[in-house]
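J.: Protein chains in written order, with my numbering: chain A, 23 to 341; chain B, 23 to 341.
Do not take every clue at face value.
[As the list claims (entries may be wrong)] The calculated label-pair distances, taken between Cβ atoms and stated as ranges, are:
#1 GLY75/A to ALA332/B: 27 to 33 Å
#2 ARG200/B to LEU323/A: 41 to 47 Å
#3 PHE289/B to LEU316/A: 32 to 38 Å
[To be verified] Pairs of lysine-lysine, PhoX-like flavour, derived with a Cα cap of 20 Å:
#4 LYS196/B to LYS37/B
#5 LYS222/A to LYS196/B
#6 LYS226/B to LYS239/B
#7 LYS37/B to LYS58/B
#8 LYS222/A to LYS239/A
#9 LYS239/A to LYS239/B
#10 LYS239/B to LYS196/B
#11 LYS226/A to LYS195/A
#12 LYS309/A to LYS309/B
Hints listed in this document are in silico derivations from the structure and should not be mistaken for laboratory results.
Computed from a predicted structure; not experimentally measured.
Just so it is clear, CB atoms sit at the ideal spot from N, CA and C, and this is done for glycine as well.
2 protein chains.
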Amino acid sequence: MTECLYLQKKSRMSKLLIVGTVAFDAIETPFGKTDKILGGAATYIALSAAHFGIDSSVVSVIGEDFPEKYLDLLRDRNVNLDALEVVKGGNTFFWSGKYHNDMNTRDTLDTQLNVLADFSPNVPEAYKNSEIVMLGNLHPAVQMSVIDQVNNPQLIVLDTMNFWMDSELELLKKVIARVDVITINDEEARQLSGEYSLVKAARKIRDMGPDYVVIKKGEHGALLFHNEEMFFAPALPLEEVFDPTGAGDTFAGGFAGYLAKTKDVSFGNMKNAVIYGSNLASFCVEKFGTERMLELEQGELERRLKNFQALTQFEINLA
Amino acid sequence: MTECLYLQKKSRMSKLLIVGTVAFDAIETPFGKTDKILGGAATYIALSAAHFGIDSSVVSVIGEDFPEKYLDLLRDRNVNLDALEVVKGGNTFFWSGKYHNDMNTRDTLDTQLNVLADFSPNVPEAYKNSEIVMLGNLHPAVQMSVIDQVNNPQLIVLDTMNFWMDSELELLKKVIARVDVITINDEEARQLSGEYSLVKAARKIRDMGPDYVVIKKGEHGALLFHNEEMFFAPALPLEEVFDPTGAGDTFAGGFAGYLAKTKDVSFGNMKNAVIYGSNLASFCVEKFGTERMLELEQGELERRLKNFQALTQFEINLA
Chain A
23 MTECLYLQKK
33 SRMSKLLIVG
43 TVAFDAIETP
53 FGKTDKILGG
63 AATYIALSAA
73 HFGIDSSVVS
83 VIGEDFPEKY
93 LDLLRDRNVN
103 LDALEVVKGG
113 NTFFWSGKYH
123 NDMNTRDTLD
133 TQLNVLADFS
143 PNVPEAYKNS
153 EIVMLGNLHP
163 AVQMSVIDQV
173 NNPQLIVLDT
183 MNFWMDSELE
193 LLKKVIARVD
203 VITINDEEAR
213 QLSGEYSLVK
223 AARKIRDMGP
233 DYVVIKKGEH
243 GALLFHNEEM
253 FFAPALPLEE
263 VFDPTGAGDT
273 FAGGFAGYLA
283 KTKDVSFGNM
293 KNAVIYGSNL
303 ASFCVEKFGT
313 ERMLELEQGE
323 LERRLKNFQA
333 LTQFEINLA
Chain B
23 MTECLYLQKK
33 SRMSKLLIVG
43 TVAFDAIETP
53 FGKTDKILGG
63 AATYIALSAA
73 HFGIDSSVVS
83 VIGEDFPEKY
93 LDLLRDRNVN
103 LDALEVVKGG
113 NTFFWSGKYH
123 NDMNTRDTLD
133 TQLNVLADFS
143 PNVPEAYKNS
153 EIVMLGNLHP
163 AVQMSVIDQV
173 NNPQLIVLDT
183 MNFWMDSELE
193 LLKKVIARVD
203 VITINDEEAR
213 QLSGEYSLVK
223 AARKIRDMGP
233 DYVVIKKGEH
243 GALLFHNEEM
253 FFAPALPLEE
263 VFDPTGAGDT
273 FAGGFAGYLA
283 KTKDVSFGNM
293 KNAVIYGSNL
303 ASFCVEKFGT
313 ERMLELEQGE
323 LERRLKNFQA
333 LTQFEINLA
């Protein structure tokens, strides 16, 4: 009976297609350092979106060196891995970085593209009709190939970063022209638009294609722009930020996952999606890598949502 | 009849006592520069608080060089100037600064204390029983003297800055121990507490005395802390920030003015006060100096408050 209800509810959700890196990370922060641990944009997005109990699939590539136990973490959370290509004899993408004391800036110590260098994505048949497509940070050519393979999704969300603005701007702009939502951080929005004011930057970026622009400001929250409307979701002020790695991807995963669950891509519902994304990201930074996201329970998520409401809701009666 | 109603309403408001500088400023931003114009913490606080139609008095000092027309701007807004000392043959405090391109940092080009050097404040009899006391940025000795002269006010609000933390920390700490609310910016909160996390910083500062800590984050909004509760008011994202001078004082004036008008110093009502302060500050930065505040009309204030609501209010139904 319970099982039956679950299936029934699920059929009313949208499918979520995720593209992005699945990787090894080695991270150093003022609080410590890790060996090679589970990382990658698609990993964080999928783990975050999984909290909504949706049907998602990851399009990515790994090497033979990638441990089965990491894949099980995703499979256990109902993430379809049919389009996760495993390159025989290949090595998985590796990134290593060191955060400065303020935790807002970091140096990249090492990047080994490995199997990512020649990656050509294949969207599985069963997910070509996904309603929501979340293009995580990756080469714009891979993102474009995924757009070309899907059948008229309801919403395409793009996450990218300054690295691609520096190296592949023309191609990136073509991708931007084909998406509905773009999520980037404040410095990237300024770089992409040439405008310092985020209001002006968002307007210029909307002119490039996306109807919705989400500007992530790290510990200062996130802004959602649509037409002349704005919405702001704060980041929950925390006692301790332990490791910011994956926070932006976790935000994007929460955003896309909530929209997939609720099947409502209106501006009003996107506000809620931004709040959920910010909420999930606030957990991600509390421990190294994916650790906190893997132990996160539904009850914690809901308790913190109440904190978000208390943090921002006020009562002024306007005439 | 209207007049009568007005007087009746006014008698139900708290009196607001303001201490702070009344000054000349010369400002340079990427958008232009000014000659000597009207400035000073008490000026901005009084102009901001005046929007609530309250009974306020400024305790400060000026030289004979200060134009009568500037004083009329305050008198016209019902600001009592009985305790604004005019030093015969003296020159008014002068500050000159230049903002960097990001508008978040500035260099002080010149500071001439002039009549401020020997200032000893005298609170007028009629305002010794003010319910709200707003201690604007000024030498902590002057702030302390005002605290000593008032009769058990309902709320004392302190604004200060890093300059006094560097030069008069011990005295400043004695002032902090005697106030109910402190408003400082994020860097100052970190300096005062020795904590990077603003949650931890606010807790340490509350341990120094104030029950309420407001941390101003400029374009990133403001946080209000009380016991283990937090409230966040965003700054309205603007097309153009023209001149940030006086934004923090305008915030403080709106905060104190709203509390004086509503006679309610509960945490719930302080949330509204923070929203009003942030709202007023968002106007202040749109033109040079006090220009925008002087032309601001009630209707504009209310329209922008609706924007603040739209910016932050969301509807998630939690079980």
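J.: Taking the beta carbons of PHE289/B and LEU316/A, is their distance inside 32 to 38 Å?
T.: Distance hint for PHE289/B, LEU316/A holds at roughly 36 Å.
J.: What's the verdict on LYS196/B and LYS37/B, does the C-alpha distance respect the 20 Å limit or exceed it?
T.: With a Cα-Cα distance of about 25 Å, the restraint between LYS196/B and LYS37/B is violated, given a limit of 20 Å.
J.: Please work out if LYS309/A and LYS309/B have their alpha carbons no farther apart than 20 Å.
T.: With a Cα-Cα distance of about 44 Å, the restraint between LYS309/A and LYS309/B is violated, given a limit of 20 Å.
J.: For the pair supplied as a hint, LYS37/B and LYS58/B, confirm whether the alpha-carbon distance does not exceed 20 Å.
T.: Not satisfied, since the Cα-Cα distance of roughly 31 Å exceeds 20 Å.
J.: Hinted pair, alpha-carbon criterion (20 Å max): LYS226/A, LYS195/A. Please report holds or violated.
T.: holds, 12 Å
J.: Range hint 27 to 33 Å: satisfied by the CB atoms of GLY75/A and ALA332/B?
T.: holds, 31 Å
J.: Can you confirm whether the C-alpha distance between LYS239/A and LYS239/B stays at or below 20 Å?
T.: holds, 13 Å
J.: Cβ-Cβ distance between ARG200/B and LEU323/A: within 41 to 47 Å?
T.: At roughly 42 Å between Cβ atoms, LEU323/A and ARG200/B fall inside 41 to 47 Å, so the hint holds.
J.: Run the distance test for LYS222/A versus LYS239/A: straight-line Cα separation, threshold 20 Å.
T.: It holds: about 16 Å lies between the C-alpha atoms, which stays within 20 Å.
J.: Measure nothing beyond the straight line between the CA atoms of LYS239/B and LYS196/B; if it is 20 Å or shorter, mark the hint as holding.
T.: violated, 25 Å
J.: Taking only the CA atoms, is the gap from LYS222/A to LYS196/B under or equal to 20 Å?
T.: This hinted pair is violated, its Cα atoms lying about 45 Å apart.
J.: Holds or violated: are the alpha carbons of LYS226/B and LYS239/B at most 20 Å from each other?
T.: holds, 18 Å
Violated hints for the displayed structure, listed by number in ascending order: 4, 5, 7, 10, 12.
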